[in-house]
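Student: Residue numbers (this note's numbering), protein chains in the order written: chain A, 11 to 392; chain B, 2 to 142.
To be clear, the hints were calculated from the coordinates, so they are not data collected in a lab.
We treat Cβ as the ideally placed atom computed from N, Cα and C, and that holds for glycine.
Take the hints with a grain of salt, since some may be wrong.
Beyond 10 Å from chain B on every Cβ pair, some chain A residues (computed) [stated by the list, open to error]:
| id | residue |
| --- | --- |
| 1 | Ser-72 |
| 2 | Leu-77 |
| 3 | Pro-124 |
| 4 | Ala-392 |
Which chain B residues face chain A? A few, computed with CB under 10 Å, are given here [as the list claims (entries may be wrong)]:
| id | residue |
| --- | --- |
| 5 | Trp-13 |
| 6 | Val-19 |
| 7 | Val-81 |
| 8 | Glu-84 |
| 9 | Gly-86 |
| 10 | Arg-90 |
| 11 | Pro-92 |
| 12 | Val-94 |
| 13 | Gly-96 |
| 14 | Arg-105 |
| 15 | Val-119 |
| 16 | Gly-120 |
| 17 | Ala-134 |
One letter stands for each residue in the lines below.
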Amino acid sequence: MAEPILAGVAESDLGETPDRNWLDNAAIATVRALEDAGCALEEVDGVAVAGGNDYMPALILSEYLDLEEPSFLEGTEIGGSSFEHFCGHVRDAMARDEADVVVVAYGSTGKTGPGRDQSLEVTHPVDGFVRPTGLFRPPGAYAMAARRHMHEYGTTEKQLAEIAVATREWASMNPKAAQQEPITVDDVLESRQIAEPFNLLDCCLVSDGGGAVVLVSEEKARELGVPPISVAGVASTSTHRQDISEMPDMTTTGAAVTGPKAFEQAGITHDDVDVAQLYDSFTYTALVTLEDLGFCEKGEGGEFVSGGTTAPGGELPMNTQGGGLSYCHPGHFGVFVLIEAVRQLRGDYTGERQVDDAEVAVAHGTGGILSSSSTVVLRREA
Amino acid sequence: MNAPVEDRREEWEGPVPVPTGATEPFWEATLEGDLLFQECDCGNRQLYPRAVCTDCGAEDPPFEESEGVGTIYTYTVCHVPGEPGFGDRTPYVVGAIELAEGPRLLAMIDADPDDLEVGTPVAVRFWRISDEAAMPVFVPE
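Go ahead and model the full structure; you've got the sequences and the hints to work with.
Tutor: Dropping the structure here:
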């Protein structure tokens with residue numbers, strides 16, 4: 011099967027963008043990603059957008075960029091994993107010759123923009139059972155899942171903290187990261203309590219910003235002369251919507267299904283993976299994803315991450331841009347895991363930040379409240 | 002079952018449920034101190050109330066009365082209010098309760114966090130927070 015090539019990646023400005031709206035940030039990321047690919051805006055014939063504060067986000071971005079009759083349009087909203095999910099649809103569309111240059115984009119003003127509508131949504135009956143409990147979402151809901159994991163497997167707060175520490179170590183090498191000051195396990199454990207067992211440093215940042223990835227056909231990639239970073243495997247699923255009590259098993263996510271599928275498509279095993287970019291809305295998100303993707307046995311995630319396994323120089327470099335915990339988190343973080351995976355496979359960095367000769371990367375998105383899971387295996391082709 | 006229903010309408014500043022369709026019988030029962038779940042003829046039990054059975058697809062599965070007891074599947078202590086109107090109450094506990102009948106529901110837990118752990122047996126109470134609904138609140142048994 012023809013595999014789409016990830017030809018260009020970029021972020022918009024991150025952090026605080028009070029003079030921009032979500033669409034501005036998505037558009038800025040898009041033009042920068044196109045520039046990275048060496049591709050003109052007028053060549054874009056497909057758009058995939060999720061998470062925009064608009065119910066027809068692909069249409070509004072197409073209009074904003076004044077695209078002429080794009081042939082591929084995608085707006086499936088499955089939360090933070092939408093962008094990984096799109097990679098599969100783009101692959102299918104390109105196999106049908108439906109599009110040659112597709113932009114996968116996201117933008118948000120999660121930090122400085124207006125807050126969410128607080129009126130109780132009645133279109134989904136479960137909301138009436140959830141919101142009046144006062145549960146602080148998403149942190150409290152993830153915290154409940156983490157507590158269940160601790161109960162079943164003896165995972166400790168200290169082990170969760172190790173993830174934050176390793177991630178911050180990567181962030182210290184990323185000038186774009188919001189938090190670059192190294193931290194210790196004690197710093198995490200002593201940070202402000204948010205929703206037990208989570209402290210502040212177990213939780214992702216809240217940022218403005220956007221990101222975009224340009225996927226092109228193999229033929230187009232050759233024309234552009236970009237490094238051939240391919241989508242070698244992709245799979246998605248979901249287990250529930252937003253109410254954590256509906257999650258069938260709070261210690262296992264959909265990654266247990268999507269990981270094996272994506273790995274099989276790509277024809278790889280865990281030993282082949284050079285770098286992992288796993289959605290880390292919270293420390294627990296990364297821990298449970300490591301287990302579910304099979305990097306360690308179920309329940310052994312805490313032990314696995316102890317001692318710097320995922321830190322620079324560790325056995326499995328993870329979230330090498332600093333992740334949602336330290337780099338940025340404008341809401342749907344999934345687009346940023348793809349961006350960093352591509353940069354590592356291209357060898358964009360120097361020194362310790364660059365994972366040596368990275369050929370295979372896993373990018374994993376999580377959406378909702380551990381609700382959707384999408385795994386992409388990316389490979390630098392010969 | 003008829004668990005106690007405490008009227009908290011005066012002091013409640015948080016959101017309130019809006020009973021509609023399949024959820025109406027559930028919320029009506031809460032005003033009487035009854036906790037309902039749906040039990041389909043096929044044997045499937047479910048909560049929140051839905052217009053279809055998630056196992057066999059039968060429409061409008063009938064309601065049954067829960068004993069109102071269960072165990073804490075997991076919980077968190079919120080130090081940051083999740084909703085406007087909850088600010089004065091922090092820290093407070095929210096949990097996922099596994100009812101003796103099987104279904105799980107998210108609920109407030111009215112207890113000192115130090116008295117709780119995963120697996121703690123709990124029983125339901127109700128706080129009436131609007132003219133139309135009382136929220137299930139669990140306390141250690």
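Student: Hey, is Ala-392/A genuinely clear of chain B, shortest beta carbon separation above 10 Å?
Tutor: holds, 48 Å
Student: Would the hint on Gly-120/B stand, with a C-beta cut-off of 10 Å toward chain A?
Tutor: With a closest approach of 8 Å, the Gly-120/B hint holds.
Student: Taking 10 Å as the limit, does the beta-carbon of Trp-13/B come near enough to a beta-carbon in chain A?
Tutor: Interface hint status for Trp-13/B: holds (9 Å vs cutoff 10 Å).
Student: Quick one, is the Val-81/B hint okay against chain A at 10 Å, beta carbons?
Tutor: Hint on Val-81/B: holds, closest Cβ of chain A at ~5 Å, below 10 Å.
Student: Beyond 10 Å on every Cβ pair: is that true for Ser-72/A relative to chain B?
Tutor: holds, 36 Å
Student: Do the numbers back the hint for Arg-105/B, that is, is its least Cβ distance to chain A under 10 Å?
Tutor: holds, 5 Å
Student: Please verify that hint: Ala-134/B, Cβ, nearest Cβ of chain A, below 10 Å or not.
Tutor: Hint holds; Ala-134/B Cβ to chain A Cβ min 8 Å, cut 10 Å.
Student: Does the closest beta carbon of chain A sit nearer than 10 Å to the beta carbon of Glu-84/B?
Tutor: Status holds, d = 5 Å.
Student: Just want to verify: Pro-124/A was marked as not at the interface with chain B; is every Cβ pair farther apart than 10 Å?
Tutor: Non-interface label stands for Pro-124/A: nearest chain B Cβ at 15 Å, farther than 10 Å.
Student: Tell me if Arg-90/B is really an interface residue toward chain A, meaning its C-beta lies closer than 10 Å to one of theirs.
Tutor: holds, 7 Å
Student: Does Pro-92/B pass the interface check with chain A, least Cβ-Cβ distance below 10 Å?
Tutor: Hint holds; Pro-92/B Cβ to chain A Cβ min 8 Å, cut 10 Å.
Student: A closest beta-carbon separation below 10 Å is what the hint needs, so does Gly-86/B meet it against chain A?
Tutor: Hint on Gly-86/B: holds, closest Cβ of chain A at ~8 Å, below 10 Å.
Hint compliance for this structure: every hint is met.
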